[in-house]
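Please model the complete structure; the sequences and the hints are all you need to start from.
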Amino acid sequence: MKMNLPITDIEIPVTVKDTILSTTELSGVIKYCNEDFIKISGFTKDSLYGQNHHVVRHPDMPPAAFKDLWETLKCGRSWIGVVKNRCANGDFYWVDAYATPIKNKQGDVYEYQSVRTRLDNKIRERATKAYQSLNVEKAIPQIRAKNNFSLQEKLFFAQFSLYLLIAVIVSYFQPIKYVVVLTAVVSISTWFITHYFFRAFAEVLNEAKKIVGNKNISLAKYIYTGKTDDFGTILLAFKTSQSDAGAIVGRVEDTAKIVLETAAILSKNVDATSMAVNSLYQETDMVAVGMNELSSTSQEVASNAEGASNAVTQAYEESQESRTIVDKTVQTINALASEVSEATIVIEELEDDSRNIGKVVNVIREITEQTNLLALNAAIEAARAGEHGRGFSVVADEVRTLAKRTQDSTEEIKQIVESLQQRTTEAAEVMRRGKETADKSVDLASNAGGSLNNINELIQFATEMVDQIAVAAKEQTRVAEEMNNNVVKINDNTSITVEASKTAGKSSLELSQQAERLNELANQFKIRFRY
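For the sequence shown, our numbering gives the first residue as 183, with consecutive numbering after it.
Heads up, some of the hints might be wrong.
Stated by the list, open to error - Below, in silico cross-link-like pairs of lysine-lysine (DSS-like), each with a Cα-Cα straight-line distance of 25 Å or less:
id, residue 1, residue 2
1, 392, 256
2, 392, 287
3, 213, 287
4, 541, 596
5, 213, 256
6, 391, 256
7, 510, 617
8, 596, 586
9, 439, 688
10, 439, 221
11, 409, 249
12, 409, 391
13, 684, 671
Rather than coming from a laboratory, the hints here were simulated on the basis of the structure.
See the structure below:
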């Protein structure tokens with residue numbers, strides 16, 4: 183057996199008000215312990231739960247006592263005994279222990295309950311001596327020294343002794359025949375009296391044996407009563423019944439404390455819940471107002487979304503018309519650009535022709551100059567010829583005059599051609615710029631057409647989105663109305679909950695009062711069942 187060390191000589195007192203209670207699994211593992219157990223033993227709840235109950239076993243306790251304990255419990259019977267337990271720091275405390283198997287509705291044992299209370303000093307003295315003897319000699323001299331005569335045997339010896347005493351006394355004063363008669367009368371009377379008394383006593387003794395059991399009760403009988411005879415059995419049975427009732431009261435007391443604590447917590451929770459529900463009631467009222475406003479706003483949003491959908495649809499139709507106009511404009515500009523291109527070609531050809539005319543004019547001018555030079559030479563030669571060259575001189579003058587006029591005309595034509603060339607060049611430049619502008623206009627018109635296509639797509643997408651928004655707004659309106667109805671119901675239910683919370687608060691208060699009364703009643707019974 184494991185020795186729980188260290189130990190000290192310091193005893194922790196257990197008062198009348200203390201009720202140490204614990205429950206274990208069938209294997210002895212602790213599954214519950216009350217506050218008195220924790221307070222007196224010095225262990226924490228965490229260090230006790232899940233541990234075997236022998237964690238508080240003191241080394242001074244003989245193994246035979248615990249062997250008897252577990253054998254009794256496994257037989258389905260309650261066990262009563264004196265136990266010395268060890269505290270967490272090594273101190274010790276004595277208790278009057280009563281262990282009971284706890285059964286479920288099916289009658290199966292599912293846990294063991296142990297209730298320990300204050301121990302009477304006389305009982306503790308006998309237990310100390312008995313346990314010391316068991317640890318050293320494995321037997322108790324006080325029990326061996328006592329005789330084990332039954333009450334019937336004791337009465338027989340007492341009756342026989344009484345007969346002898348009467349016979350001796352009477353024979354001293356009377357003849358022997360009177361002694362025989364008197365002895366017979368007294369014997370018969372005594373037999374009837376003792377038989378009646380013993381039969382009643384036997385019934386009590388049998389009931390006592392049923393309570394304490396017939397298995398190995400000598401140790402408990404001696405420790406609790408100081409006797410080893412039938413009277414000790416009856417007293418032990420009384421003590422066992424007392425402990426059984428005390429265990430019930432102790433469990434009721436512990437439960438009452440838990441109920442009282444739970445009722446107090448419940449009362450606080452009910453108060454907190456009541457406050458929270460009241461706050462919730464106010465907030466749901468505000469939410470109801472907000473939901474009404476949200477419902478109205480949702481309806482307005484739905485109406486606006488429908489109007490926006492109509493406006494976007496109209497914009498889409500107008501953009502389609504603009505697209506048609508732009509397409510026509512592009513076609514017109516393309517035609518204009520084509521005509522400008524053709525005019526540019528014509529003007530370029532005209533420019534080439536004007537250049538050719540300039541070349542011809544240059545040739546004519548050169549010819550005129552040559553003619554004029556020839557006419558001058560002819561006039562010079564005519565002057566040299568004299569009279570014979572007069573006619574030729576006239577012709578030369580005419581030729582020179584004609585050349586002069588041709589030269590002048592050629593100059594005029596040259597100026598006109600140069601002006602025409604300049605104008606043609608300017609016109610060609612203007613036409614080139616016009617063509618570039620027309621090309622740019624075509625590009626811009628094409629871009630405008632593409633932009634309008636994009637705008638149409640965006641407007642179409644916007645139309646779909648607005649339609650979806652309108653549908654969503656209508657759905658939101660419907661949901662808002664449902665939420666409004668739900669909030670109204672929640673508000674109504676909250677009002678009911680407020681009333682229920684008030685009722686629960688009253689019930690909690692009444693439960694606390696009843697638990698307090700139960701605790702007081704348990705305390706009264708607890709005092710009665712203690713030495």
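Hints, one by one, checked against the model:
1. Using a Cα cut-off of 25 Å, the hinted pair residue 392 and residue 256 holds, with the two alpha carbons roughly 17 Å apart.
2. At most 25 Å may separate the alpha-carbon atoms for a hinted pair to count; residue 392 and residue 287 meet this at roughly 23 Å.
3. Distance check on the hinted pair: residue 213 and residue 287 sit about 20 Å apart at the alpha-carbon level, within 25 Å; holds.
4. Among the hinted pairs, residue 541 with residue 596 is consistent with the structure: their alpha-carbon atoms are about 10 Å apart, no more than 25 Å.
5. With a CA separation close to 18 Å, the supplied pair residue 213 and residue 256 stays within the 25 Å bound.
6. For a cut-off of 25 Å, the pair hint linking residue 391 to residue 256 stands: about 19 Å separates their Cα positions.
7. For the given pair, residue 510 sits about 19 Å from residue 617 by alpha-carbon distance, which is consistent with the 25 Å threshold.
8. In summary, the hint linking residue 596 to residue 586 is supported, as the alpha carbons are separated by about 15 Å, within the 25 Å threshold.
9. Of the pairs offered as hints, the one joining residue 439 and residue 688 holds, with about 20 Å between alpha carbons and a cut-off of 25 Å not exceeded.
10. Simply put, residue 439 and residue 221 have alpha-carbon atoms about 15 Å apart, close enough for the 25 Å limit, and the pair holds.
11. In summary, the hint linking residue 409 to residue 249 is supported, as the alpha carbons are separated by about 22 Å, within the 25 Å threshold.
12. Distance check on the hinted pair: residue 409 and residue 391 sit about 15 Å apart at the alpha-carbon level, within 25 Å; holds.
13. Annotation: proposed proximity of residue 684 to residue 671 holds, straight-line Cα distance about 20 Å (limit 25 Å).
Checked against the numbered hints given earlier, the structure satisfies every one of them.
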